[in-house]
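Q: Sequence:
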Amino acid sequence: PRMLEYAEQNLAATDDSGKRYLRAYVNDFDAASEQIVRERGYVPYPRGHRPMTQFIIPRPFPPIPLRDGFRLKSLADDNDLAKVDRVLHRGFNHPGEPPPDGIRDRMRMQSGPHYRKDLNIVVEAPNGQFVSYAGLWYDPINRFGYVEPVATDPDYRRMGLGTAAVLEGIRRCGELGATVAYVGNDLPIYLAMGFRVLYVQQCWIKHW
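Just so you know, we're using this note's numbering here: the sequence shown kicks off at 13 and counts up by one.
Treat the hints with care, since some could be wrong.
What follows is a set of in silico ranges between Cβ atoms, one per label pair, in the way DEER data are often shown [unchecked claim]:
| # | residue 1 | residue 2 | range |
| --- | --- | --- | --- |
| 1 | L203 | Q47 | 41 to 47 angstroms |
| 2 | D92 | D28 | 36 to 42 angstroms |
| 3 | E160 | E187 | 43 to 49 angstroms |
| 4 | R155 | Y33 | 33 to 39 angstroms |
| 5 | R155 | D40 | 23 to 29 angstroms |
| 6 | R169 | Q66 | 20 to 26 angstroms |
| 7 | M121 | N39 | 23 to 29 angstroms |
The set of hints was computed from the structure by calculation and includes no laboratory data. Think of the CB as a built atom: it goes at the ideal place given N, C-alpha and C, for glycine as much as any other residue.
Construct the entire structure; sequences and hints are all you get.
A: If you want it as structure tokens, here you go:
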């Protein structure tokens, strides 16, 4: 309750009608937390539900298939921020070319305290452009990897490039000691590569 009270005072947003609101996420097996949000006036917001899926890292890690002419690289090998910005811009379906100030956002993303360039994987096309991106985060205490974000240029989808980038990042997490990897999504790409749904982070919302 104290965490929710703090969040309502400091983290709430305002909708178009001027009402303040806050979303809270409760795992679907956490009855105690569900009771807390209900008592504070929250109601379910199904559009915001987020499934949590898990990938058990195999040992040895099987070969990762990749189309001829394409290459897996990490940002520790080649941190071309313009190419990174372009693949993320196009990969999240924004029209046209990215704005010039997008590189600043990429620099901000890479300033995170647990960000590792060697765990952020790109697929380089024969023309030298980055066409798929998979970011991995590694927790050495709990020995897991977390996938975020993943994006593929629309011109290069359905070629297995996003899968290859994700698997390469997971493989590297496994070399560091991770036994599992997680992603907050149940898109077909993740299920096809071996992720399985563990639970759902149910979204609750309150307006006032």
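Q: Each hint: holds or not?
A: Okay, the hints, checked on the actual structure:
| no. | hint | result |
| --- | --- | --- |
| 1 | L203 / Q47: 41 to 47 angstroms | violated, 32 angstroms |
| 2 | D92 / D28: 36 to 42 angstroms | holds, 39 angstroms |
| 3 | E160 / E187: 43 to 49 angstroms | violated, 19 angstroms |
| 4 | R155 / Y33: 33 to 39 angstroms | holds, 37 angstroms |
| 5 | R155 / D40: 23 to 29 angstroms | holds, 24 angstroms |
| 6 | R169 / Q66: 20 to 26 angstroms | holds, 25 angstroms |
| 7 | M121 / N39: 23 to 29 angstroms | holds, 27 angstroms |
This entry does not satisfy hints 1 and 3, going by the numbered hints stated previously.
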